[in-house]
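Chemist: Now for the letters of each chain:
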Amino acid sequence: MLRRLFHHKGAMITICILTIIVLMGVFAPIVAPNDPLEVDMMNRFASPNAEFPLGGDQLGRCILSRLIWGIRPTLGLAALTMIGTMGIGLAVGLASGYFRGWIDEILMRLVDVLLSFPSQIMVFAVVALLGINVANVVIANVCIKWAWYARMIRTNVIKYRSENFVNFSNVVGNSNRFILLKHLLPSIAAESAMLASLDMGWAIINISTLSFLGMGVSAPTPEWGAMLNDAKQVFILNPMQMLAPGITIMVVVALFNMLGDVLRDALDPKEVM
Amino acid sequence: MNKYILKRTIAIIPLLFAISIFTFVFINLIPVDPAEVVLRLWNIPVASEELIAQTREDLGLNDPYVVRYFNWLADALRFDFGVSYATPQLTVAQKLAAAFPNTLQLASLSFVLVIVISLPIGFLCAVYKDSWFDKLMRAFIFLTTAMPSYWIGLVLMWVISVKLGWLPTSGNFNGFKSLILPSITVASSYISIFIRLIRNNMIENMTQDYVHYANVRGLKQMNILVKHILKNSLHTCVVAIGMSIPQLISGTIVVENVFAWPGLGTLCISSVFARDMPVIQAYVLLVGVLFVVFNLIFDILQGVMDPKLRVGGEKNA
Chain A
3 MLRRLFHHKG
13 AMITICILTI
23 IVLMGVFAPI
33 VAPNDPLEVD
43 MMNRFASPNA
53 EFPLGGDQLG
63 RCILSRLIWG
73 IRPTLGLAAL
83 TMIGTMGIGL
93 AVGLASGYFR
103 GWIDEILMRL
113 VDVLLSFPSQ
123 IMVFAVVALL
133 GINVANVVIA
143 NVCIKWAWYA
153 RMIRTNVIKY
163 RSENFVNFSN
173 VVGNSNRFIL
183 LKHLLPSIAA
193 ESAMLASLDM
203 GWAIINISTL
213 SFLGMGVSAP
223 TPEWGAMLND
233 AKQVFILNPM
243 QMLAPGITIM
253 VVVALFNMLG
263 DVLRDALDPK
273 EVM
Chain B
2 MNKYILKRTI
12 AIIPLLFAIS
22 IFTFVFINLI
32 PVDPAEVVLR
42 LWNIPVASEE
52 LIAQTREDLG
62 LNDPYVVRYF
72 NWLADALRFD
82 FGVSYATPQL
92 TVAQKLAAAF
102 PNTLQLASLS
112 FVLVIVISLP
122 IGFLCAVYKD
132 SWFDKLMRAF
142 IFLTTAMPSY
152 WIGLVLMWVI
162 SVKLGWLPTS
172 GNFNGFKSLI
182 LPSITVASSY
192 ISIFIRLIRN
202 NMIENMTQDY
212 VHYANVRGLK
222 QMNILVKHIL
232 KNSLHTCVVA
242 IGMSIPQLIS
252 GTIVVENVFA
262 WPGLGTLCIS
272 SVFARDMPVI
282 QAYVLLVGVL
292 FVVFNLIFDI
302 LQGVMDPKLR
312 VGGEKNA
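These protein sequence lines are chains A and B, in that order.
Following my numbering, the numbering of the first sequence begins with 3 at its first residue and continues without gaps.
Following my numbering, the numbering of the second sequence begins with 2 at its first residue and continues without gaps.
Keep in mind the hints are simulated off the structure, nothing from the lab.
Be aware that one or more of the hints could be misleading.
[Claimed, not checked] Restricting the straight-line Cα-Cα distance to at most 20 Å, the calculated cross-link-like pairs of lysine to aspartate or glutamate (EDC-like) are: (1) 136/B x 263/A; (2) 161/A x 193/A; (3) 232/B x 205/B; (4) 130/B x 205/B; (5) 221/B x 210/B; (6) 8/B x 263/A.
[Said to hold, decoys possible] Residues of chain A placed beyond 10 Å of chain B at every Cβ, according to the derived structure: (7) 11; (8) 111; (9) 196.
Ideal Cβ placement from N, Cα and C applies to all residues, glycine included.
Can you build the whole structure from these sequences, using the hints too?
Modeler: Below is the structure:
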């Protein structure tokens, strides 16, 4: 699978661009032309110029610098969401798919109930319950998404658990823990990781939406959704402030979606659209 | 057939119970004492320990959880969700009733737009697969799925209302005119999903044997496309679209906020900020129930349209 990926031109280009974006986020202090938090009323709504390549926002802060610094919270929180989702999804999916019986019954009924709520409602409900702050945004998103993964992983586990190598391991008397961690987990890991990258775009949009509504990352931290929230008030005066973060989100999400599609093709060449 | 409908209906009852229990537990997790809140609503300045204890007794908060759950459920079935914490003069039901028609308008127009736009485009994309039109639409779908809906709303507002001055920017003071932009925004995220769904479904159907047979019989291409392929693909699509109606209603949350549309979404967000739990609880319960009921309706409808599924469903149920 990996080899096929390296020979796929589109995949390599997507991965390269995404790597560059991540590196820009990591080295934001060096890459960004200005301080993202420096308020300078002289540059209020400055039009794009040499010093401020994308102009200034309503407090005269450099929009480009804020976009670059915004890579950290945006991608970081999205990655954290996906890690949390995968963690719980794997644990529940493995337990449910391997032990079956009443454990499976209880866990899957719980999953059914969670999946019967539209996801957006759940996010708001959880944020309302826990209070508005960044950690809760991640928790809320994990809460609504893990059920979906748990079900997916469970199906996969069931597929593998009747394979001969698992049966053999059982017969020679290996413990459940050993079978779960050494046999089943590696078997489903690759596919699960691919699923997670498919959903990075989803996580980015969801987190930026919450910030946009003022429930996520709060001012003055530069985050793309929060920047759009600022821009909402002044977009008639300064459209650039609204266009730049939006286009950035669009490009990054599109890249992640493309990566997901490419990975799916690499894994399962049958399902080409 | 009646047996099938009955079975499906009975199957959702446990799910509805689970949703109500979930919502009930949810409100009881909040670290706020309802007795204190109620006393504050009655404008009692200093709540003594005794008074709080008394109120707790009066409100039935000292009863066991099971008793409280059934009391709450009985009230909820009569649409009595208590009084809003934020605006004590209004009950939760009144607040929801005031906001609901606005959201319903928005969701209905979006729904119509989704069907009117995605059906012909999906059809054309499938018929002229890999033509420039299909490629253009695929690029369009690819881009719109990557855009957050609130941003689409902002851009539309900027271009159409501010630059061109065709439609009002926000609020609902201009009748139908002010409904157009929010509806397009809500619809935009679903249009791309359904174009893709219809297109792929039709393409899949085109390779089926019955299409070859129709071709062999020498039927007109247009006839085959509309009467056979489209009709068959619509089965799946109708169900998918129907099940997305509650999603559409919940999807209005963000867009309503962008356009300051006074519907359920705006109410929900302002309640989150005010920590107005009864409103959020009622909203979550309402949407959860809607979701389940719509799933049931379209599940049955699918059974009516496609007898193959019906037989399978009865065997499995």
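Chemist: For a quick check of understanding: which of the numbered hints are violated here, in increasing order?
Modeler: Hint check: 6 and 8 fail, others pass.
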